[in-house]
Amino acid sequence: MSKKIYQKPTINYINFAMASKYGSPLQTQKVRTEIDGVQISELTEKFGSPIFVFSEKTIEEKYHALHNAFSSRYNDVEFSWSYKTNYLNEICKIFHKLGSTAEVVSEFEYQKARANGVEGKDIIFNGPYKPKADLKIAVQEGAKIHVDNLFELNDLEEIADELNVKIPVAIRINMDTGVYPAWSRFGFNFESGEAYDAIKRMYDGGKVYLVGLHSHIGTFMLDANPYYMATKAIMHLKAQVENDFNAEIAYIDLGGGFASKSNLKGIYQSADVIVPTPDAYAEAITNAIYEFNKSEKLPKLYLETGRHLIDEAGFLLTSVWGYKRFGDGKKGYILDAGVNVLYTSTWYNFNIELDKRYEGENEPSMLNGPLCMNIDIIEEHIMLPPLDRGSVITISPVGAYNYTQAMQFIRYKPAVVLIDKDSNAKLIKEVDDLSTVNHKES
Amino acid sequence: MQQATQLLLDENNIAFHPIWGNSYQVNDIAKDILTLVKQDKTKDEILEQLSAEYEISKEELFIDLGDFFSKLKIYGLVS
Numbered sequence: 008m009s010k011k012i013y014q015k016p017t018i019n020y021i022n023f024a025m026a027s028k029y030g031s032p033l034q035t036q037k038v039r040t041e042i043d044g045v046q047i048s049e050l051t052e053k054f055g056s057p058i059f060v061f062s063e064k065t066i067e068e069k070y071h072a073l074h075n076a077f078s079s080r081y082n083d084v085e086f087s088w089s090y091k092t093n094y095l096n097e098i099c100k101i102f103h104k105l106g107s108t109a110e111v112v113s114e115f116e117y118q119k120a121r122a123n124g125v126e127g128k129d130i131i132f133n134g135p136y137k138p139k140a141d142l143k144i145a146v147q148e149g150a151k152i153h154v155d156n157l158f159e160l161n162d163l164e165e166i167a168d169e170l171n172v173k174i175p176v177a178i179r180i181n182m183d184t185g186v187y188p189a190w191s192r193f194g195f196n197f198e199s200g201e202a203y204d205a206i207k208r209m210y211d212g213g214k215v216y217l218v219g220l221h222s223h224i225g226t227f228m229l230d231a232n233p234y235y236m237a238t239k240a241i242m243h244l245k246a247q248v249e250n251d252f253n254a255e256i257a258y259i260d261l262g263g264g265f266a267s268k269s270n271l272k273g274i275y276q277s278a279d280v281i282v283p284t285p286d287a288y289a290e291a292i293t294n295a296i297y298e299f300n301k302s303e304k305l306p307k308l309y310l311e312t313g314r315h316l317i318d319e320a321g322f323l324l325t326s327v328w329g330y331k332r333f334g335d336g337k338k339g340y341i342l343d344a345g346v347n348v349l350y351t352s353t354w355y356n357f358n359i360e361l362d363k364r365y366e367g368e369n370e371p372s373m374l375n376g377p378l379c380m381n382i383d384i385i386e387e388h389i390m391l392p393p394l395d396r397g398s399v400i401t402i403s404p405v406g407a408y409n410y411t412q413a414m415q416f417i418r419y420k421p422a423v424v425l426i427d428k429d430s431n432a433k434l435i436k437e438v439d440d441l442s443t444v445n446h447k448e449s
Numbered sequence: 002m003q004q005a006t007q008l009l010l011d012e013n014n015i016a017f018h019p020i021w022g023n024s025y026q027v028n029d030i031a032k033d034i035l036t037l038v039k040q041d042k043t044k045d046e047i048l049e050q051l052s053a054e055y056e057i058s059k060e061e062l063f064i065d066l067g068d069f070f071s072k073l074k075i076y077g078l079v080s
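Going down the list, the protein sequences come from chains A and B.
All residue numbers for the first sequence refer to the working numbering, where the first residue is 8 and numbers rise by one.
All residue numbers for the second sequence refer to the working numbering, where the first residue is 2 and numbers rise by one.
Hints are computed from structural coordinates only; laboratory data are not their basis.
Be aware that a few hints might be false.
Listed below are the simulated DSSO-like cross-link pairs for lysine-lysine, each with C-alpha atoms no more than 27 Å apart in a straight line [said to hold, decoys possible]:
| hint | chain 1 | residue 1 | chain 2 | residue 2 |
| --- | --- | --- | --- | --- |
| 1 | A | K268 | B | K32 |
| 2 | B | K39 | B | K74 |
| 3 | B | K74 | A | K307 |
| 4 | B | K59 | A | K363 |
| 5 | B | K39 | A | K11 |
| 6 | A | K64 | A | K436 |
| 7 | A | K331 | B | K32 |
| 8 | A | K307 | A | K239 |
| 9 | A | K337 | B | K44 |
| 10 | A | K53 | B | K44 |
| 11 | B | K39 | A | K337 |
| 12 | A | K331 | B | K74 |
| 13 | B | K39 | A | K104 |
| 14 | A | K37 | A | K10 |
| 15 | A | K91 | A | K268 |
| 16 | A | K139 | A | K104 |
| 17 | B | K42 | A | K11 |
| 18 | A | K64 | B | K42 |
| 19 | B | K59 | A | K304 |
| 20 | A | K10 | B | K39 |
| 21 | B | K74 | B | K44 |
| 22 | B | K44 | A | K37 |
| 23 | B | K74 | A | K337 |
| 24 | A | K331 | B | K39 |
| 25 | A | K363 | B | K39 |
| 26 | A | K173 | A | K304 |
| 27 | A | K91 | A | K104 |
| 28 | A | K173 | A | K128 |
| 29 | A | K11 | A | K268 |
| 30 | A | K64 | A | K104 |
| 31 | B | K39 | A | K428 |
| 32 | B | K32 | A | K173 |
| 33 | B | K44 | A | K11 |
| 34 | A | K337 | B | K32 |
| 35 | A | K272 | B | K39 |
Some chain B residues near chain A, calculated using beta-carbon distances under 8 Å [unchecked claim]:
| hint | residue |
| --- | --- |
| 36 | D11 |
| 37 | E12 |
| 38 | W21 |
| 39 | N23 |
| 40 | D29 |
For each residue, glycine too, the CB sits at the ideal point set by N, CA and C.
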């Protein structure tokens, strides 16, 4: 006699208060069987688990949507790919192929951009810490230097003497845009006159001259209006500087900070409702340029958007290694990826999808990573059906910052796969091993 | 007394505790296990019987059965 088909035994206390007009949380399952036409099972069988997977199709869609929103309103706009958001070479190259230059905040990112074929003149060098030796190389190669503080200005003046050149620079401005907390750590303050004084100091020195103004007002901005306020301040300063110092400000850079469709913890509405559209961001910035421009020539507009363009193109596939029952009745799943590779799990509630529909009622569960650390929690409260050992969970969106900030801690950093527009999956970064970890160690 | 022996099991996979007034959603195999509990079978006896009836390794069933009994314990249905 053949045996009966097995299902894991489940028992769940029925809390009638859980039923609502939205239905029962005991039945709902989010399922994802493929990414861009490639089966999840095929990806983990071929490349292992855990793995990061990126979609070229989504990158292009996001890029074109945002670029069209700006270029349909403003002629001279250029995107500069934010290396810190994701500096996997193949990802950077996609953005460069689409027309992005590079925005870097360290010598290592600068070197990466150069190695990816970006010319110095097409690199924006930002950040509060630019050692003089690196700054000098960037100056020699014609990079766009965005000055953060007066020490950097002193270094630039020394470099100007050493190279016997006058150096074109931009400066970073911070201002009150109505956002709390205001980002005042970077650059020079507009309202206090600090920014104007710094520019005056530049022209008094006579060794550098101003060609650009830059601001970056925050991150995951859920309101487009602060960009209008920032652009207004920059355009006012531009007019003042052009008048007082006979400067020609060729470009303004409004930075990044545009939100992705991730769900911020503590926010009730879904990202689809609260994240501004590309058009909203574009309208805020371009309207302010037109409204407050006092020059004959409009400035070139740079944007350094990272998260908005890449976050939704990234997925993490992770497998169930085991499970246990906690003292409070919750089922705890041990996954092969944890907070070591999901830095943004601190702030975002990820979209968590199963590789198939599972039999059985959902029950309160917790997703834990593989680290021998109590803090390794990907999702503390989630309703899940009984999963099997080996079940694959897709976590998204994780394209922004997670790979670059992934820690080589306890586990090796995972492999990365890119799915191209023809649905070909290719390995773009192998999983680390002992030689990676021991490299340069005695 | 094991409170699980008080449970009334119906064809819609609802287990009802008539004294506490609590209802529980169960699946078919959970109903089989509770029926065996009501017959005073031990966990080891249940393991033997179900592994003979279902397409599952004894090792995996051991984990799942242990998990199920942990939950019964948390609900106060077994001691």
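Here is what the structure says about each hint:
1. A/K268 to B/K32: 42 Å, violated
2. B/K39 to B/K74: 15 Å, holds
3. B/K74 to A/K307: Violated, because 68 Å separates the two Cα atoms, which is more than 27 Å.
4. B/K59 to A/K363: 25 Å, holds
5. B/K39 to A/K11: Satisfied, since the Cα-Cα distance of roughly 22 Å is no more than 27 Å.
6. A/K64 to A/K436: 19 Å, holds
7. A/K331 to B/K32: 21 Å, holds
8. A/K307 to A/K239: 15 Å, holds
9. A/K337 to B/K44: The given pair, whose Cα atoms are some 21 Å apart, holds under the 27 Å limit.
10. A/K53 to B/K44: 40 Å, violated
11. B/K39 to A/K337: 25 Å, holds
12. A/K331 to B/K74: 14 Å, holds
13. B/K39 to A/K104: Not OK: B/K39 and A/K104 at ~69 Å, beyond 27 Å, violated.
14. A/K37 to A/K10: Outside the cut-off at roughly 30 Å; violated.
15. A/K91 to A/K268: Judged against 27 Å, a Cα distance of about 19 Å means the pair holds.
16. A/K139 to A/K104: 31 Å, violated
17. B/K42 to A/K11: Judged against 27 Å, a Cα distance of about 21 Å means the pair holds.
18. A/K64 to B/K42: 58 Å, violated
19. B/K59 to A/K304: 78 Å, violated
20. A/K10 to B/K39: Within the cut-off at roughly 23 Å; holds.
21. B/K74 to B/K44: The given pair, whose Cα atoms are some 13 Å apart, holds under the 27 Å limit.
22. B/K44 to A/K37: Violated, at about 34 Å.
23. B/K74 to A/K337: The given pair, whose Cα atoms are some 13 Å apart, holds under the 27 Å limit.
24. A/K331 to B/K39: 25 Å, holds
25. A/K363 to B/K39: Not OK: A/K363 and B/K39 at ~34 Å, beyond 27 Å, violated.
26. A/K173 to A/K304: 23 Å, holds
27. A/K91 to A/K104: 18 Å, holds
28. A/K173 to A/K128: At roughly 16 Å apart (the allowed maximum being 27 Å), A/K128 and A/K173 satisfy the hint.
29. A/K11 to A/K268: 44 Å, violated
30. A/K64 to A/K104: Since the Cα atoms of A/K64 and A/K104 sit roughly 13 Å apart, the hinted pair holds (cutoff 27 Å).
31. B/K39 to A/K428: Violated. B/K39 to A/K428 sits at ~59 Å, over the 27 Å cutoff.
32. B/K32 to A/K173: 83 Å, violated
33. B/K44 to A/K11: Roughly 20 Å separates the two Cα atoms, so the pair holds.
34. A/K337 to B/K32: 21 Å, holds
35. A/K272 to B/K39: 45 Å, violated
36. D11: 13 Å, violated
37. E12: Check failed: Cβ of B/E12 comes no nearer than 16 Å to chain A, outside 8 Å.
38. W21: With a closest approach of 10 Å, the B/W21 hint is violated.
39. N23: With a minimum Cβ separation of about 6 Å from chain A (threshold 8 Å), the hint on B/N23 holds.
40. D29: Constraint on B/D29 satisfied, holds at 7 Å.
Comparing the model with each numbered hint stated earlier shows that hints 1, 3, 10, 13, 14, 16, 18, 19, 22, 25, 29, 31, 32, 35, 36, 37 and 38 do not hold.
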